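Enquirer: Please dock the two separately framed chains into a single complex, following the hints provided.
So the chains spell out like this:
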Amino acid sequence: MIDFDQIDKLIHEKGRLSIMTLLSTRGEWAFQDLKTELGMSDGNLISHLRTLGTAGYIKETRDESGTRPRTSYELTAAGRKAFKDYVEVLGEIVKAAQQT
Amino acid sequence: MRQCTLHHKVSLASFTLSAKVIAMSTTEAALENLRIIRSLMEKAHIYRAVSAPAALTGGLLALAASAWPVQHALATQGGSLMSPGTFLDLWIAILLVASSLNVLLLAIEAKRRGQPFVSEGMRMALRAFAPPMLVGGCVGIGLIVFLHNLTLAALIWVLCYGLALLSTSGFSPRSLVRLGWAFVIAGLALFLAWAANSDVRLLSSDEAPASLVMGLTFGLLHVIYALAVFLTKKPAEVRPK
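One line per chain: the protein sequences are A and B, in this order. The first sequence runs 121 to 220 under the numbering used here. The second sequence runs 37 to 277 under the numbering used here.
One chain only, chain B, in its complex shape (with noise of 0.2 Å):
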């Protein structure tokens, strides 16, 4: 009679731990799903916002349209080439050429991914890009059209810039961050270098600092950006037949 109650017992204590070990290796399992689901959601909605052939497009025309005023003040000793209202336009219209392709590449993108163009990772990154770009764009246009300061414009859109891609880092590629990270830091160091050289601050036209400016952030970092991402492109994928 005792042997069988000591039978019961340790029957019953073994149970209970088994029961234990089940419940346990089940929530090990849960955490470890949730887990799964949360960094595959985090990783699906990577969303590449500024294309690299539109950003090497905007960076070489940036290039050509800066190393232009630069060369003339050089070989004018800070002459000018334009107004700062021409100056104004003609960054205005290479925006408007780089914005126009990388829009028509992001829907060639999504068209072929079967997504529509307008997709959830399009509304993040204008949510994120629009407040920085916003302010960049009014008070660089204000420094232009009312204080004739296109240097300080120039830094102005380029910090700005830097800053809104830095605002979708929640779910831009890497090469994207690094891209705002280049403008930030670039942009600072350009300030301080502006700010603390009167000569410069001093010039009768900025028209060659500001272009300088414009070329080595817009038109070089940019290239650099197009030329990384070309380069670590993963070759073309074969469908299984």
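Excised from the complex, chain A in its bound form (with noise of 0.2 Å):
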């Protein structure tokens, strides 16, 4: 029997699931390229960008070398045991329904 409260309710909201794949592919994802491959606004992304910070599953670089400031960001260990932790119980869900 699963139990729906192991469900990472942070991670379960479509736009911060969509960062925190999308962090998970690649190493560093500039905050204009995650704009860009999620088409959500900048108040949209940087809230949820935020709630992520604030849960230590994503990590913020700030590079001020170039002529123009440049934001990126990466999952932390903890963010990226919580990813794989999310997608194992959705797996389970899915398999659960599957056999009922």
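Hints are computed from structural coordinates only; laboratory data are not their basis. Treat the numbers as computed from the prediction; the structure is a model and nothing was measured. Don't be surprised by glycine CBs; every beta carbon is placed ideally from N, CA and C. Among the clues, some could well be false.
Stated by the list, open to error - When the alpha-carbon atoms are kept at most 30 Å apart in a straight line, the in silico DSS-like pairs for lysine-lysine are as follows:
(1) A:Lys179 / B:Lys147
(2) A:Lys129 / A:Lys201
(3) A:Lys134 / A:Lys179
(4) A:Lys201 / A:Lys134
(5) A:Lys215 / A:Lys129
(6) A:Lys204 / A:Lys215
(7) A:Lys155 / A:Lys129
(8) B:Lys147 / A:Lys155
(9) A:Lys134 / A:Lys204
(10) B:Lys147 / A:Lys201
(11) A:Lys129 / A:Lys204
(12) A:Lys204 / B:Lys147
As the list claims (entries may be wrong) - The following label-pair restraints were derived from C-beta to C-beta distances:
(13) A:Thr196 / B:Leu162: 27 to 37 Å
(14) A:His132 / B:Val213: 29 to 39 Å
(15) B:Glu156 / A:Ala217: 31 to 41 Å
(16) B:Ile128 / A:Pro189: 39 to 49 Å
(17) A:Glu148 / B:Asn233: 51 to 61 Å
(18) A:Pro189 / B:Ser135: 29 to 39 Å
(19) A:Ala216 / B:Leu170: 42 to 52 Å
Expert: Next comes the structure, spelled out in structure tokens:
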């Protein structure tokens, strides 16, 4: 029996799930690339990134060396584990539904 | 007492139904989220192995290199300008210039995106590219060096390059896949035209038909690809304040 409380509610939201998925595919994503890929507004994306950052799932890096500052994001070890666990729980839910 | 039991049964049925609805919606949400994860992971791995400026440079060089022998053959009624060895050297030089520029531009793009130069995308592209390029390179060089058949060598290069591009279709942008198809279709059409035309096949030197094949494909198709990429490129994005 699946305990639905196992689902990480923070990642379960579609916007944050999309961010976590992209960050899990490559090492580092620039803010602008995330925005382009996900088609989110600046405010929406910043809000989700802040939530994930506060939870310790992502890490922000600022590079001020160029002509324009560049902010990029990557998953922390805790974020990577949380995402892996979340996908596993989703898989178990689908498997359980197929068996019933 | 009887009313109490009925009430209890209705509550139990209602609870079971609610639990089933919750389980159903959770399963649907799980499936939907798994679809989102899969689709984003596939999209995130898109990799453009041939940069548009490098394609444009290579295309223009190929057009210039092919126009000269074709023009000379037309003026002298089939005369040739160079030996098969020089023909091979010329096209290897163009390949080296275009490839070096491509590598440089891919490195700059990777740096701009904050990604490693040898990314997972590049590894996938190299793994897909290597077999058809190796076959095309070796067979083409063999045909020129040992059989002095320049046109067949050029056709083999065209077809193998097209197949190499198509082998990256799982993670390439659509423009690159279309370029692959254009090379394969043009290569097959030119092969049939060449095979069916004995006047061309029996020319004393096949430098002009080979140059025409190279110019129409590696020259013209690359220029069209580069222009299509430039024209469809999104405008420069502005960073949020």
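Enquirer: Do the beta carbons of Thr196 (chain A) and Leu162 (chain B) sit within 27 to 37 Å of each other?
Expert: holds, 31 Å
Enquirer: Holds or violated: are the alpha carbons of Lys147 (chain B) and Lys201 (chain A) at most 30 Å from each other?
Expert: OK: Lys147 (chain B) and Lys201 (chain A) at ~28 Å, within 30 Å.
Enquirer: Would you check the hint for Lys155 (chain A) and Lys129 (chain A), treating anything up to 30 Å between C-alpha atoms as holding?
Expert: holds, 22 Å
Enquirer: Mind checking the hinted window 29 to 39 Å against the Cβ distance between Pro189 (chain A) and Ser135 (chain B)?
Expert: Once the Cβ atoms are compared, 34 Å apart, the range 29 to 39 Å for Ser135 (chain B) and Pro189 (chain A) holds.
Enquirer: Straight-line Cα separation of Lys134 (chain A) and Lys204 (chain A) no greater than 30 Å?
Expert: holds, 16 Å
Enquirer: Holds or violated: Lys129 (chain A) and Lys204 (chain A), Cα atoms, limit 30 Å.
Expert: Between Lys129 (chain A) and Lys204 (chain A) the Cα gap is close to 14 Å, so the pair holds against 30 Å.
Enquirer: Run the distance test for Lys201 (chain A) versus Lys134 (chain A): straight-line Cα separation, threshold 30 Å.
Expert: holds, 18 Å
Enquirer: Do the beta carbons of Glu148 (chain A) and Asn233 (chain B) sit within 51 to 61 Å of each other?
Expert: With a Cβ separation near 55 Å, Glu148 (chain A) and Asn233 (chain B) satisfy 51 to 61 Å, so the hint holds.
Enquirer: With the threshold set at 30 Å, check whether the alpha-carbon distance from Lys129 (chain A) to Lys201 (chain A) stays at or below it.
Expert: Holds - the C-alpha atoms of Lys201 (chain A) and Lys129 (chain A) are around 15 Å apart, at most 30 Å.
Enquirer: That 29 to 39 Å hint for His132 (chain A) and Val213 (chain B) (C-beta), does it hold up?
Expert: holds, 35 Å
Enquirer: Has the given pair, Lys147 (chain B) with Lys155 (chain A), been kept, meaning a C-alpha gap of at most 30 Å?
Expert: Roughly 19 Å separates the two Cα atoms, so the pair holds.
Enquirer: Tell me if the beta carbons of Ile128 (chain B) and Pro189 (chain A) are separated by a distance inside 39 to 49 Å.
Expert: Given about 44 Å between the Cβ atoms, the range holds.
Hint compliance for this structure: no hint is broken.
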